[in-house]
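Participant: Take the sequences, apply the hints, and build the full model.
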Amino acid sequence: MSLGTAIGAITFAGSLIAFAKLNGNMGGAPILLPARHGLNLLIAVAILLLIVWFALAQPAWAFWAIAILAFVFGITLIIPIGGADMPVVISMLNSYSGWAAAGIGFTLENTALIITGALVGSSGAILSYIMCKGMNRSFISVIMGGFGGEVVHGAAAETRPVKQGSAEDAAFIMKNAGSVIIVPGYGMAVAQAQHAVREMADKLKKEGVKISYAVHPVAGRMPGHMNVLLAEANVPYDEVFELDDINSRFAQSDVAYVIGANDVTNPAAKTDPQSPIYGMPILDVEKAKTVLFVKRGMGSGYAGIENELFFRPNTMMLFGDGKKMTEEVVKALG
Numbered sequence: 011m012s013l014g015t016a017i018g019a020i021t022f023a024g025s026l027i028a029f030a031k032l033n034g035n036m037g038g039a040p041i042l043l044p045a046r047h048g049l050n051l052l053i054a055v056a057i058l059l060l061i062v063w064f065a066l067a068q069p070a071w072a073f074w075a076i077a078i079l080a081f082v083f084g085i086t087l088i089i090p091i092g093g094a095d096m097p098v099v100i101s102m103l104n105s106y107s108g109w110a111a112a113g114i115g116f117t118l119e120n121t122a123l124i125i126t127g128a129l130v131g132s133s134g135a136i137l138s139y140i141m142c143k144g145m146n147r148s149f150i151s152v153i154m155g156g157f158g159g160e161v162v163h164g165a166a167a168e169t170r171p172v173k174q175g176s177a178e179d180a181a182f183i184m185k186n187a188g189s190v191i192i193v194p195g196y197g198m199a200v201a202q203a204q205h206a207v208r209e210m211a212d213k214l215k216k217e218g219v220k221i222s223y224a225v226h227p228v229a230g231r232m233p234g235h236m237n238v239l240l241a242e243a244n245v246p247y248d249e250v251f252e253l254d255d256i257n258s259r260f261a262q263s264d265v266a267y268v269i270g271a272n273d274v275t276n277p278a279a280k281t282d283p284q285s286p287i288y289g290m291p292i293l294d295v296e297k298a299k300t301v302l303f304v305k306r307g308m309g310s311g312y313a314g315i316e317n318e319l320f321f322r323p324n325t326m327m328l329f330g331d332g333k334k335m336t337e338e339v340v341k342a343l344g
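Mapping of the sequence shown onto my numbering: residues 11 to 344, in sequence order.
Everything labelled a hint here was simulated from the structure, so no lab data went into it. Don't take each hint at face value.
[Claimed, not checked] Computed cross-link-like contacts, DSSO-like style, restricted to lysine-lysine with a CA-CA straight-line distance of at most 30 Å:
(1) K213 - K299
(2) K215 - K341
(3) K173 - K280
[What the hints assert, rightly or not] If you anchor each label on the Cβ, the simulated ranges turn out as follows:
(4) Y139 - K215: 50 to 58 Å
(5) G218 - G307: 30 to 38 Å
(6) D179 - N244: 46 to 54 Å
(7) I78 - G307: 35 to 43 Å
All C-beta atoms, glycine included, are put in the ideal place defined by N, C-alpha and C.
Facilitator: So this is what it looks like as structure tokens:
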């Protein structure tokens with residue numbers, strides 16, 4: 011019971027922080043508490059000692075102390091993690107909720123709850139591993155800090171000029187292209203632009219343009235997030251490709267239409283050893299002849315770093331809401 015309570019309190023508190031970060035209430039950048047590792051270690055040891063004491067003597071105050079400390083631990087554990095690592099955090103918290111349910115299942119001697127909790131816990135742990143592998147990061151490195159805790163280089167780059175275009179410009183370029191690769195990201199999900207994207211793709215197909223979709227393993231907030239949204243818009247399954255299958259095609263593509271996929275397209279992951287995302291596998295959109303990047307503004311992604319792709323000579327920025335901009339492109343296509 012004490013284990014289930016502790017894990018459940020950590021999960022609940024951590025989920026509140028994760029929601030606040032993703033909702034923009036706390037920003038995407040990590041909040042680094044002083045001596046956070048020592049503080050977390052102290053709280054963890056205190057919780058373990060209280061669990062042992064509660065199991066042996068069962069004083070009521072120990073139970074409430076476990077719950078309160080675990081709640082605080084959930085906050086101090088998640089606050090230092092940057093927004094770019096929130097997908098891993100969410101799957102990890104999902105795993106925790108399963109183990110909490112399994113613990114209470116043992117308390118209640120409920121076999122169904124034990125089995126269900128174990129399935130949720132183990133599947134969440136496997137999902138966390140898959141996501142960490144997709145981001146080329148270790149689970150421990152995420153928990154100990156996450157993206158954004160490092161010093162971000164090139165902050166002055168915002169003053170550099172970018173090539174800005176309109177929906178009409180984008181429509182003309184794609185209409186005359188031989189192939190277009192659409193790269194969906196969290197921006198598409200927030201704007202609910204998947205149906206507009208499908209409509210745009212259908213119009214381009216009528217013009218003889220070959221359409222493909224490139225999905226990064228951690229695009230959006232969970233693995234499969236983009237796949238679900240594209241399926242909801244009835245995008246043909248055979249047009250959707252994962253990172254390993256599509257990356258070699260960007261060099262032969264005329265246009266890459268990027269809608270809200272910021273961190274997963276940042277060339278700094280390959281070129282800047284000082285970048286926090288260095289080593290993370292990304293989509294090679296910069297190799298396309300023309301990159302059309304749909305974004306509300308020049309703000310950084312959840313990793314808290316600037317995307318070098320914005321300033322490349324073959325990139326045209328399309329500033330605006332993902333859905334509205336894509337709908338304007340559809341109108342321009344006629």
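Participant: Now tell me, hint by hint, if it's right for this structure.
Facilitator: Hints, one by one, checked against the model:
1. Distance check on the hinted pair: K213 and K299 sit about 21 Å apart at the alpha-carbon level, within 30 Å; holds.
2. Taking the CA atoms of K215 and K341, the gap is about 15 Å. The hint holds against a cut of 30 Å.
3. Our distance criterion of 30 Å between C-alpha atoms is met by K173 and K280, whose separation comes to about 23 Å.
4. Between Y139 and K215 the C-beta distance comes to about 38 Å, which lies outside the given range of 50 to 58 Å.
5. Separation of G218 from G307 is about 34 Å and conforms to the stated range, judged on CB atoms against 30 to 38 Å.
6. A beta carbon spacing of about 28 Å between D179 and N244 contradicts the range 46 to 54 Å that was offered as a hint.
7. About 41 Å separates the C-beta atoms of I78 and G307, a value consistent with the hinted range of 35 to 43 Å.
Hint violations for this structure: numbers 4 and 6, all remaining hints satisfied.
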